[in-house]
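Make a model of the complete structure from these sequences and hints.
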Amino acid sequence: MGKTESLRKQQEAVKNEIARNLDLLAGSIAKSPSMSGHSLTTKREGKTVTVYVRKEILQRAQAMTERHRKVKDLILRLSKINWELLRLEGE
Numbered sequence: 021m022g023k024t025e026s027l028r029k030q031q032e033a034v035k036n037e038i039a040r041n042l043d044l045l046a047g048s049i050a051k052s053p054s055m056s057g058h059s060l061t062t063k064r065e066g067k068t069v070t071v072y073v074r075k076e077i078l079q080r081a082q083a084m085t086e087r088h089r090k091v092k093d094l095i096l097r098l099s100k101i102n103w104e105l106l107r108l109e110g111e
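Following this note's numbering, the numbering of the sequence shown begins with 21 at its first residue and continues without gaps.
Just so you know, these hints were derived from the structure itself, not from any lab.
Just so you know, these numbers come straight off a predicted model, no measurement behind them.
Positions of the beta carbon are idealized from the N, C-alpha and C atoms, including for glycine.
Check before you lean on any hint, since a few could be wrong.
Distance windows between CB atoms, simulated [said to hold, decoys possible]:
| id | residue 1 | residue 2 | range |
| --- | --- | --- | --- |
| 1 | PRO53 | GLY22 | 27 to 37 Å |
| 2 | SER99 | SER52 | 31 to 41 Å |
| 3 | THR70 | LYS29 | 21 to 31 Å |
For lysine-lysine, the following DSBU-like pairs were computed, each having C-alpha atoms within a straight-line distance of at most 30 Å [what the hints assert, rightly or not]:
| id | residue 1 | residue 2 |
| --- | --- | --- |
| 4 | LYS63 | LYS75 |
| 5 | LYS23 | LYS63 |
| 6 | LYS29 | LYS67 |
| 7 | LYS63 | LYS100 |
| 8 | LYS67 | LYS23 |
| 9 | LYS100 | LYS51 |
| 10 | LYS75 | LYS100 |
| 11 | LYS51 | LYS63 |
| 12 | LYS23 | LYS92 |
| 13 | LYS75 | LYS29 |
| 14 | LYS23 | LYS75 |
| 15 | LYS90 | LYS75 |
| 16 | LYS100 | LYS90 |
| 17 | LYS51 | LYS35 |
| 18 | LYS51 | LYS90 |
| 19 | LYS23 | LYS35 |
| 20 | LYS35 | LYS63 |
| 21 | LYS92 | LYS29 |
| 22 | LYS63 | LYS90 |
| 23 | LYS63 | LYS29 |
| 24 | LYS100 | LYS35 |
Rendered as structure tokens:
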């Protein structure tokens with residue numbers, strides 16, 4: 021198997037992994053010492069927005085924010101693979 025074919029297989033695997041993790045939520049969840057519960061903090065239109073996270077949905081929301089971090093890492097990995105493919109095609 022050639023280098024290009026190997027990179028194409030890696031590219032496809034990363035794309036599939038991204039597709040499997042699109043049930044995500046951008047932001048971070050934290051427990052404020054001054055509040056009794058948890059909150060989700062994220063950026064919207066350049067502003068920081070914080071919303072309360074009910075305890076009934078806390079676990080699901082935490083899993084979704086973790087998937088967001090995972091997808092960000094996968095996108096960087098895909099970018100590196102794409103760059104290598106582009107570089108090889110130019111040779």
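Do the hints match the structure? See the list:
no.	hint	in the structure
1	PRO53 with GLY22: 27 to 37 Å	violated, 57 Å
2	SER99 with SER52: 31 to 41 Å	holds, 35 Å
3	THR70 with LYS29: 21 to 31 Å	violated, 42 Å
4	LYS63 with LYS75	holds, 22 Å
5	LYS23 with LYS63	violated, 40 Å
6	LYS29 with LYS67	violated, 39 Å
7	LYS63 with LYS100	holds, 26 Å
8	LYS67 with LYS23	violated, 44 Å
9	LYS100 with LYS51	violated, 35 Å
10	LYS75 with LYS100	violated, 39 Å
11	LYS51 with LYS63	holds, 18 Å
12	LYS23 with LYS92	holds, 25 Å
13	LYS75 with LYS29	violated, 41 Å
14	LYS23 with LYS75	violated, 49 Å
15	LYS90 with LYS75	holds, 23 Å
16	LYS100 with LYS90	holds, 16 Å
17	LYS51 with LYS35	violated, 33 Å
18	LYS51 with LYS90	holds, 22 Å
19	LYS23 with LYS35	holds, 18 Å
20	LYS35 with LYS63	holds, 26 Å
21	LYS92 with LYS29	holds, 20 Å
22	LYS63 with LYS90	holds, 18 Å
23	LYS63 with LYS29	violated, 35 Å
24	LYS100 with LYS35	holds, 13 Å
The structure shown violates the earlier hints numbered 1, 3, 5, 6, 8, 9, 10, 13, 14, 17 and 23.
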